[in-house]
Each structure stands twice: as C-alpha cells, then as structure tokens.
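Engineer: Sequence:
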Amino acid sequence: MLVVRAASYIRTDPEGELPSEQEQWTSVEAYAAANGHELVAAYEDLEATGSLLYHRPGLKEAITNIKELEDWEVLIVAHPRCVSDTESALHELVHKLSLYGNRLECTTRSWEDFLSAIKTYRRAMSRRYASCRRSEHD
17 MLVVRAASYI
27 RTDPEGELPS
37 EQEQWTSVEA
47 YAAANGHELV
57 AAYEDLEATG
67 SLLYHRPGLK
77 EAITNIKELE
87 DWEVLIVAHP
97 RCVSDTESAL
107 HELVHKLSLY
117 GNRLECTTRS
127 WEDFLSAIKT
137 YRRAMSRRYA
147 SCRRSEHD
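Going by this note's numbering, the letters in the sequence shown line up with residues 17 to 154, in that order.
In case anyone wonders, no lab produced these hints; they're calculated from the structure.
Take these hints with a grain of salt, some might be off.
Derived lysine to any residue pairs resembling SDA-like cross-links, with alpha carbons at most 20 Å apart [as the list claims (entries may be wrong)]:
(1) Lys76 to Asp101
(2) Lys83 to Ala105
(3) Lys135 to Ser104
(4) Lys135 to Leu113
(5) Lys135 to Asp101
(6) Lys112 to Glu84
(7) Lys76 to Leu55
(8) Lys112 to Glu86
(9) Lys83 to Val56
(10) Lys112 to Arg97
(11) Lys83 to Lys112
(12) Lys112 to Gly74
(13) Lys135 to His107
(14) Lys76 to Glu63
(15) Lys83 to Arg21
(16) Lys135 to Ser114
(17) Lys83 to Ser114
(18) Lys76 to Thr65
(19) Lys112 to Pro96
(20) Lys83 to His111
(21) Lys83 to His71
(22) Lys83 to Glu60
(23) Lys83 to Glu108
(24) Lys112 to Glu128
(25) Lys135 to Arg125
(26) Lys135 to Leu115
(27) Lys112 to Ser132
(28) Lys112 to Leu131
(29) Lys76 to His107
(30) Lys76 to Pro96
(31) Lys112 to Pro73
(32) Lys76 to His111
(33) Lys76 to Ala57
(34) Lys76 to Tyr59
(35) Lys135 to His111
(36) Lys76 to Glu108
(37) Lys112 to Trp127
(38) Lys76 to Gly117
(39) Lys112 to His95
(40) Lys135 to Thr102
These numbers come from a predicted model, not from an experiment.
Can you make the complete structure from the sequences, with help from the hints?
Structural biologist: Right, dumping it as structure tokens:
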C-alpha cells in the first residue's frame, strides 16, 4: 500500500458540541492508520467558533503549508463540522485544497463526497443567483 503524507486538523468549540480533542485525535489516528496515511503535521484550533475559517491560526497555517511548503497531501479531520459549522466555509476549504492538489478526508465523508457536495452547492447557488437576477428585472 502506498503511504500518503497527511496532516491532522482538530478544532474544539467553546459550546462543547464537537467531540473532545482526545476523541478527535483518536479518530484521526485510526483513520490514518487504516488508510495508509503517515501523519507528518498537526494543526489545531482549540475552543474556536465554527464560522470563519480565516480567524483560526491553526487552519491558516495548514492553508499556508499547502500553498508554500507542500509537506502533505491529505488533511484529515474527525468530522466535517470540525472544519466549520457552515457548508459554505467547508466548501471554501475543499475548493482551496483542490486548487493545490490536496484533499480533505474524514471518517464520515470521502474526498469524492466532498467534491460532489461542492458541485451541488455551486449549482444551487448559481440557480439562486440567476433567480434573484430575474426577479430584479421583473
């Protein structure tokens, strides 16, 4: 099996709605081991709110890594909500990772599922935008 270099990302939230740091770490390690990924970097934002990606130093560091250092190919999270509470922010990260040839993986969603979801989201937003534009001209 080909070993893929990977990084982990862990985010806990002040409300305690996400799994604990230890639960996420255990999940990420198990996923990496089961899928032939070597964890070479770790990023975390503990007690971080779930909305804006760029207000989190750990995630910003991971994004900088994919742009400049290219140390790893896969960012592993325990659950998509560990990235963000909003689908639009999650799609933004998936898009950014795909631009640099990286991908996001977790135990509940494959990279292909993330890509499919972003395409569906973009089509829905495009239809919504077109509908709003038609309404403005009526």
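Engineer: Does Lys135 pair with Ser114 here, judged by a C-alpha cut-off of 20 Å?
Structural biologist: OK: Lys135 and Ser114 at ~13 Å, within 20 Å.
Engineer: Hinted pair, alpha-carbon criterion (20 Å max): Lys112, Glu86. Please report holds or violated.
Structural biologist: Answer holds: Lys112 to Glu86 is near 13 Å, not above 20 Å.
Engineer: With a cut-off of 20 Å on the C-alpha distance, tell me whether Lys83 and Glu60 pass.
Structural biologist: 18 Å, holds
Engineer: Hey, Lys76 versus Glu108, does the alpha-carbon distance stay inside 20 Å?
Structural biologist: Judged against 20 Å, a Cα distance of about 13 Å means the pair holds.
Engineer: Going straight from one Cα to the other, do Lys83 and Val56 come out at no more than 20 Å?
Structural biologist: 16 Å, holds
Engineer: Regarding the pair Lys83 and Glu108, is the alpha-carbon distance no greater than 20 Å?
Structural biologist: Measuring from Cα to Cα gives roughly 15 Å; hence the hint holds.
Engineer: Given the hint that Lys76 pairs with Pro96, does the C-alpha gap stay at or below 20 Å?
Structural biologist: 17 Å, holds
Engineer: Keeping to a limit of 20 Å between CA atoms, is the pair of Lys112 and Glu128 held or broken?
Structural biologist: Holds: Lys112 and Glu128 sit about 15 Å apart, inside 20 Å.
Engineer: For the pair we were handed, Lys135 and Ser104, check the Cα-Cα distance against 20 Å.
Structural biologist: 12 Å, holds
Engineer: Within 20 Å, alpha carbon to alpha carbon, are Lys76 and Gly117?
Structural biologist: Roughly 17 Å between the alpha carbons, so the hint for Lys76 and Gly117 holds.
Engineer: Given the hint that Lys135 pairs with Arg125, does the C-alpha gap stay at or below 20 Å?
Structural biologist: Within the cut-off at roughly 15 Å; holds.
Engineer: Is Lys135 within 20 Å of Leu113, Cα to Cα?
Structural biologist: 15 Å, holds
Going through the hint list in order, the structure satisfies each hint without exception.
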